[in-house]
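Top to bottom, those sequences are chains A and B. With this note's numbering, letter number 1 in the first sequence gets 1, and the count goes up by one each step, no holes. Converting from the second sequence to this note's numbering requires adding 497 to each position, the first position being numbered 1.
Quick caveat, the hints were computed from the structure, so don't treat them as lab data. Built from N, CA and C at the ideal position, the CB exists for glycine as well. Hints are supplied without guarantee of correctness; some may be wrong.
What the hints assert, rightly or not - No farther apart than 27 Å at their CA atoms in a straight line, the calculated lysine-lysine pairs in the DSSO-like style are these:
# : chain 1 : residue 1 : chain 2 : residue 2
1 : A       : K225      : B       : K858
2 : B       : K846      : B       : K804
3 : A       : K225      : B       : K823
Said to hold, decoys possible - Sample of chain A residues facing chain B (criterion: CB under 7 Å; computed from the structure):
#  : residue
4  : I217
5  : Q302
6  : S345
7  : S416
8  : A431
9  : K435
10 : I438
11 : T474
12 : M490
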Amino acid sequence: MATPDGSRAGGIGLQRFGLGARPGQPRDQRDAARESMLAEVARGVVAQPLNPPFSGAAEIGGALFAFEDKERMEREAKRLAGQAQAQAIQVAAAPPNPQTAPNPQAPAAPQAPQNQMAQPAKPANEPPLPFKTYRDEVVARVQLALDAESGFAERLVQFWSNHFCIAATKSNIGRSMAGAYEREAIRPHVFGRFEEMLVAAESHPAMLDFLDNRLSIGPGSPAGKRRGRGLNENQAREILELHTLGVHGGYSQADVTNLARIITGWTMVGREAVLGFPGSFAFNVGLHEPGAQPLLGKEYAQPGKAQGLAALTDLAHHPATADFIALKLARHFVADEPPPALVGSLSQVFRRTQGDLAAVSRALLESNVAWNAEPTKIRSPQEFLIASYRALGRKADPGQILGPLGVMGQPFWQPSGPNGYPDTNAAWASAEGIKTRIDVAAGWGRQAAGSVPDPRALTEDILGPLASPETRQTVARAESKPQALALLLMSPEFQRR
Amino acid sequence: MMDIDDDCEAMTPSRRAVLGAAGALFAWSFVPKFAYAAAGSRDPRFLLVVLRGALDGLSAVPPIGDPDYAGLREGIALTKDGPDAALPLDGFFYLHPAMPNLARLYGAGQASIVHAAATGYRERSHFDGQDVLESGQAGPGRTDSGWLNRLIASLPPGETVSRHGVLGVGVVPPLVVRGPAPILGWSPPRMARAGPDLMQRLSDLYGQRDPGLARALSQAIETEGIALRSSMNGETRGGGGPDSADGMKRIAEGAAGLVGADDGPRIAALAFEGWDTHANEGGAKGRLAQLLGGLDGALAAFEQGLKPVWKDTVVMIVTEFGRTAKVNGTVGTDHGTGTIAFLVGGAVKGGRMVVDWPGLKPEQLYEKRDLKPTTDIRGVAKGVVSELFGLSGPVLAERVFPGTGELAPMRGLVG
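So here's chain A without its partners, still in its complex pose (with noise of 0.2 Å):
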């Protein structure tokens, strides 16, 4: 299919779909934008980070777990030292009893400074594990999205995993799972189905943190009559709310509680083992509520973690669903108020497919209408740190990205509710958005100004025939390099799509 309108079209395709061009890429190959992101689909693998600090979920939980474990102890063996500071003011005289020392084999007795000291010393400025864990996922995502050839996978990845989002500011288990739960529950299903995709997200030990499934426990199960403790709707609630349905998909309150019985029991294996590996998903069918439930006029009857698994696929294969996805879609990559034309057909092609998202996802790159309309959308923050490291050439160094998304608000992981980070202009077009977007480019200006030999070629090569002469010109002008590199960052073809 031939890219409308040549060169321009293929620029704001790259911008809009994709991460934005890199200095040198070939002419022809922007313009066929298109078609390498169609090739993208066709090839129906999405990337995964190289070299990232755990495999997974369950390897994770077993470090936290014992990463834990040991801040206790040390915690613990600092206050009885404190205490036997203080006794031995008391009794100056007492000599030190060897005798008493703790025996070293003793299984996590918190009460052996002389353990503390055997430990390897940590290096002095190297973070705890889960804030390790965390920036070293951020690390080995960013270079992926930086060494992607259009970046539409990556675009992809971006939009579902915020639609499926957790936060890692919840608990230990969300800062070091954030990362894995991107490579497990979205990646993998990017060009899969959208049921695969729903159920890898709902039953990921991370998201059943985050959404407190993993506490929440049937009334009448085993476990809560035994304990007397019961249900918490909040998965429930946002799967239907945010995960498929929206909120206006016609549901009840007690549809919300319905499922919540329906998906107790899905939990994640605590330190002690009992079902698997630490830290990995579990169906427990001592938390399960027992019996059929309603949902949605349709009475569930099967039993365990099947029960949760047919809900899912109905919620996935809904018509509220599809309209729901294709107009959040529709409004990420192309408008706030997208034509709804194209909305129609996506949902369309949605409901047609039973949610293959390969086929959506096709649908929305061979849209003329999706293609053609004015690029009025602002870049996201996180689009915008990407698309200025691929135009000035730069690597994924911890440093320089976790502290200018948290400043411009988008940080890797860590939106402020359930619902995601927003993806409209009047969030981030805001006078202070703006403002902070201006002091983080005269930054990154400064800092790659001794790597980039002529601001003019590189505003050429990046923004080609999107360049206004006005932006051109005020590059060519700037007073230094920096400014100019900051110019050609601010400009307005850079920062919409």
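We have chain A already, so just place chain B on it with the hints.
What follows is chain B alone, placed relative to chain A:
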């Protein structure tokens, strides 16, 4: 021309002058220096704080005098005596012990508490609930503008209040301030700011090519000008976010600095986060207690930062809805309906509970699960802004809170 050199980074005295010049490019929005209104007339300040995530009103302001309270709240109930006792208000209602500043202000007649309150929204989605609270519309889905922005747009153009626009705190401005009237933005500074020359050049480029970006940048420049003139340069960087006590305090200090400035905005909105206490909510200590302590610290920061104008100030604190009356299965509370709103400030006719208590027996609860709302928060908001800014009932019912003609502004909240 293209040498690698220093672009002026430091805050020099000339920075201010250049910012002024950049602002002058957008004379339509640049604010003249404010002159005090004639003695005797009030120059009011109004700050709206949105608590995102749905505050548990039954824990913040527990009705310990209600015989059904303790049973519903098993595990997190507060008590009127013993260690960590709740703070007495009127003998029936108490205040969470993490809020001693608010208790003091209540005692001094500078705070009122509205209980069993809600907007007209009766579903339980955070995001729709917040949209209704902030848009001021009867239902969700209409999010093109917020009620504070339309309030300003409804005032006569030359008025002090409308000339100064509305301040939305945060990199992403809250919906309640969005709309046609000028919006100022501010958030706690966390990195070195760009040089003034770069700002000037981008102002020029946006002016030629992109009206949307031009507008955003001119407003940012304007706010920065106010901050500099009121010598408010919170150069402390880092610190916690809007869901931490430290972050709430910094945000409150910043907002107070801008709103308290002679030429600053008269109306501001800010948001604190993290109130969605589904699990392990805690009682006198714990998760919610920490957040309430942060809010209490923010109130102290408002009082301190707005000292010269505190007598003319109302801080209104609202949340999208309340939480279930009964504790859920994980020692927290799920999404509910009725909750509380706080009115704090020297202009508040305070020291009282504003409440028509519905009771906590199963049949008295909304849908047998939530505190039943008996007071409409929009009536409270209408009452406050009509008395502060002199807006008429019809304007409030048609433009600020459309379709609320039947809902009278509540009288006597402002002294």
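Exercise for the section: Please write out, lowest number first, the hints stated earlier that are contradicted by the structure. Expected result: Hints 5 and 6 contradicted; others consistent.
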